[in-house]
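As they're listed, the protein sequences go chains D and U. Numbering follows this note's numbering, with no gaps: position 409 of the first sequence is 409. To convert a position in the second sequence, counted from 1, into this note's numbering, add 1000.
Worth flagging that the hints you see were computed from the coordinates, not collected in a lab. For every residue, glycine included, the Cβ atom is placed at its ideal position computed from N, Cα and C. Take the hints with a grain of salt, since some may be wrong.
Said to hold, decoys possible - Pairwise CB distance ranges, derived in the manner of DEER restraints:
#: 1; chain 1: D; residue 1: 102; chain 2: U; residue 2: 1315; range: 39 to 49 Å
#: 2; chain 1: D; residue 1: 168; chain 2: U; residue 2: 1058; range: 28 to 38 Å
#: 3; chain 1: U; residue 1: 1250; chain 2: D; residue 2: 317; range: 25 to 35 Å
#: 4; chain 1: U; residue 1: 1058; chain 2: D; residue 2: 102; range: 24 to 34 Å
To be verified - Below 25 Å or equal to it, Euclidean Cα-Cα: the simulated DMTMM-like pairs (lysine to aspartate or glutamate) are:
#: 5; chain 1: D; residue 1: 103; chain 2: U; residue 2: 1373
#: 6; chain 1: D; residue 1: 168; chain 2: D; residue 2: 439
#: 7; chain 1: D; residue 1: 70; chain 2: D; residue 2: 9
#: 8; chain 1: U; residue 1: 1103; chain 2: D; residue 2: 469
#: 9; chain 1: U; residue 1: 1103; chain 2: D; residue 2: 9
#: 10; chain 1: D; residue 1: 103; chain 2: U; residue 2: 1009
Number of protein chains: 2
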Amino acid sequence: MTAYQTLSDRFRRIGLLNDAGAILSWDGAAMMQPGSAAARAEVDAALAITIHERLTAPDMGEWFDRVDPKPLDAWQQANLAGMRRLWLHATAVPADLVEALSKAASASEHRWRIARKENDFKGLQPLLEEVLRLTREVARVKAAAFGCSPYDALLDQYEPGGSSARVKGLFDELKTFLPGLIAGALEAQARRPAPLQPTGPFPIEAQRALGQSMMQALGFDFSRGRLDISAHPFCGGTPDDQRLTTRYFETDFARALMGTLHETGHALYEAGLPPEWRQQPVGSARGMSLHESQSLFVEMQISRSLAFQRFAAPKIRAAFGVDGPEWTPENLLALGTRVTRGFIRVDADECTYPAHVLLRTELEQAMIAGDLEIADLPGAWDEGMRALLGVTPPNHHDGCLQDIHWPSGAFGYFPTYTMGAMTAAQLRVSLDQVMPDLDAKVEAGDFQPIVAWLKANVHSLASSLSADEILTKATGRPLDVTAYRRHLERRYLSAKDA
Amino acid sequence: MTAYQTLSDRFRRIGLLNDAGAILSWDGAAMMQPGSAAARAEVDAALAITIHERLTAPDMGEWFDRVDPKPLDAWQQANLAGMRRLWLHATAVPADLVEALSKAASASEHRWRIARKENDFKGLQPLLEEVLRLTREVARVKAAAFGCSPYDALLDQYEPGGSSARVKGLFDELKTFLPGLIAGALEAQARRPAPLQPTGPFPIEAQRALGQSMMQALGFDFSRGRLDISAHPFCGGTPDDQRLTTRYFETDFARALMGTLHETGHALYEAGLPPEWRQQPVGSARGMSLHESQSLFVEMQISRSLAFQRFAAPKIRAAFGVDGPEWTPENLLALGTRVTRGFIRVDADECTYPAHVLLRTELEQAMIAGDLEIADLPGAWDEGMRALLGVTPPNHHDGCLQDIHWPSGAFGYFPTYTMGAMTAAQLRVSLDQVMPDLDAKVEAGDFQPIVAWLKANVHSLASSLSADEILTKATGRPLDVTAYRRHLERRYLSAKDA
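Using the sequences plus the hints, can you model the full thing?
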């Protein structure tokens, strides 16, 4: 057995243990009862430690040294690089620092749930300070190991090969037009008659059946996956055992439906990964911006379009046994593309969402660089909201306490949301070129060729190339803001939808 | 850290990984979609191998040698013995034999599902022969390690410290009266008017709510557990995260209800184990006969009684919105205690069930001893059915192909079912002595003192004592057949129920 094969076998075992963790994580959110949470935390920790021990086994470095890269093909070489990246992330940080951050983040996340409810920033502050202190330390040692900046070392955890310079290039351009776009969208919206608001209640069971039928239409394989309920919707499980969740509101059917379509985009990516590379780093999805591009492709590029609403409207009417002017495709689209200067990221529309991401990216970069302390976060947050969105949060609950990311130790994640939106727009332009009748296909519910194109151009490449290389193959160039800007302007500044 | 603490820490990790496996196993039966089974098998195997590697780490023997037992208290000493027992079971068998049996059993179990459906004994025969050959080999090497007989080494896997001699003593006595008891029960039954048969359909949702309310009445904690559906009902999960399953039949509400009560007995045992010994061998349930005694205590000693039916009948009538003479406690009890000379163990009544167990115990003992080969199994089975139950199975599906145990490699399990029934009866006699108003409590639905007694006398002792020691503390003597015989005679030979 060659050194490469030895490493590959070891990562296969690690991958399978991670798969066990993925199902347990879904269970914890969708099935487990609250009284079992403390016991489950112990199980999760034991599994995580076991995986970490395997990843950092003392002889791993030797095996990496012994690999002869010459006989390896391109995928194997990418796999070797992926294995080395995971190993470096795991070994760069001393075990006591890993443990300290894990415990601090766990305590801080737990406190955050109470603090947000009680609008109590001061109660969270010391715990969040400790998380930031330890995260800075982790960023510093990882930066040394990877030869990059501290923030980039954190970004790399979610966006392999991502860099602040790349993010800055994209986001600086975004900032030049976003405030004007939001203002223009609101003006254009004010000139149009307000959409009619359908009134519920919309029975959960009917919503569930509708969501499942849409998932099925998009190609979700229910023989290898499920749709359940959790407080925060997600796409979990494994490529061969997909666990989607959503959350139903009896007064608003669109929220669960669009959420389900979004998660289905994530699920299709996972399902389209090459089965022959299961459990190997090269066989996994290529970072969070590309992942988010797939969910946003389905949600924003496909579903929030007139063509899709023409496909969906009759099914929605049938699902709830309703009819009338509020149920036309045009009205449903108008409802689904309303723009509001709001406080909450997860409730934000497509147009204002990137402003929320810009703010968080700037703040977390400043925090990791040491230019912003937790004590100054509320002020900086509110100032940023005024500058980017022209609104001031009425309290911390709707301000700097709204996201779980920082309290749970996730710094470097936020930019991937908007990079994903940009990626989706750029992919859509290329798909339009090879599929001129795309809208007709969407309206007919013929999603198979669309998903097949995504599979061929994104999913099946897994981590064999970088995100920009994948995008260059699919669209002729690395990620830029052009297509995204044009998409937003076309949808939100013109009177009619594209 | 002492050697004992080191071992204890290692078993804690092993215990937590086993907990992960327990939730995954429930998921596989109750949640996972069929298309994910192959991928899940890989995950299960990776987790099992990881646990086995930790259990058989090369330095474990040294740590056992280094333990100074003097400062250990009784529970710690029992824990040490339990750790050693698990370690011996894991290390006694060479890795290639473990793997060979695991693969043979997996293939045989898979073939069995088809073979049973198609009544095709010949199709299973070679695979079952291989399982038996390898199981004999495992039994032989474990017998050498434990210093016992091969069959006892297998029995010990399910019934720690169990022995053929002990089983023989109990079962020989059982055989002296069981055929007469069955004949007498059928005669007594023939003299009574036939019970009235309630007709369905009984909606699943109403059955589920009824079952949950009964579980709640018995003290099942739904804040740390669930009730779901699976093809074969079981009590899974962990003591802190209990996962019960049942199976509903629209034509027969009693089957799911009694099954749920049975599994609740198992769950109460697990829930009553001492939390301070979680994940340690001494903190786990003391073998399968004691476990089955707890499910059968709830099902047979409590639920199939007139007192319980008086408690349950109004709730059952309300659940299904029914009334009439077929819904009296007396008629429901008569339905729940009918005796039939049937072919199928899992459908058997309380009175004929032990005959099925006697047959299987004799056959598996002969197979492990080398006195019976697979080719001769169908003949021996049918002969045994005639001798013990006076019926001849019409085919292999209802004969020697009915159980999953042997095809999946489980030899040495069967006797624990009936030892559990005997144990339950013996416990009941002692509980009657300290709780003379037990029937009144049951009729009032006041189960708390009953479960508290079981917890104090069985659950909370976990594996700190042997099954017979636990029984001696609770009932004044080790397990014997007296109470069981009296219970069966009183319930099935007299005109009225006790």
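So, going through the hints one by one against the coordinates:
For residue 102 (chain D) paired with residue 1315 (chain U), a C-beta distance near 48 Å keeps the hint of 39 to 49 Å intact. Our hint of 28 to 38 Å for residue 168 (chain D) and residue 1058 (chain U) is violated, since their Cβ atoms are close to 52 Å apart. Distance hint for residue 1250 (chain U) and residue 317 (chain D): a CB-CB separation of about 33 Å, consistent with the stated range 25 to 35 Å. The given range of 24 to 34 Å is respected by residue 1058 (chain U) and residue 102 (chain D), whose C-beta atoms sit roughly 29 Å from each other.
Restraint check for residue 103 (chain D) and residue 1373 (chain U): the C-alpha separation of about 58 Å exceeds 25 Å, so the hint is violated. Between the alpha carbons of residue 168 (chain D) and residue 439 (chain D) the distance comes to roughly 34 Å, so the proposed pair goes past 25 Å and is violated. Of the supplied pair hints, the one linking residue 70 (chain D) and residue 9 (chain D) holds, its CA atoms being roughly 19 Å apart against a limit of 25 Å. With a C-alpha separation of about 43 Å, the suggested pairing of residue 1103 (chain U) with residue 469 (chain D) is violated against the 25 Å cut-off.
Note on residue 1103 (chain U) and residue 9 (chain D): the hinted pairing holds, with a Cα-Cα distance of about 20 Å set against a maximum of 25 Å. In summary, the hint linking residue 103 (chain D) to residue 1009 (chain U) is supported, as the alpha carbons are separated by about 19 Å, within the 25 Å threshold.
When each numbered hint is compared with the structure, violations occur for hints 2, 5, 6, 8.
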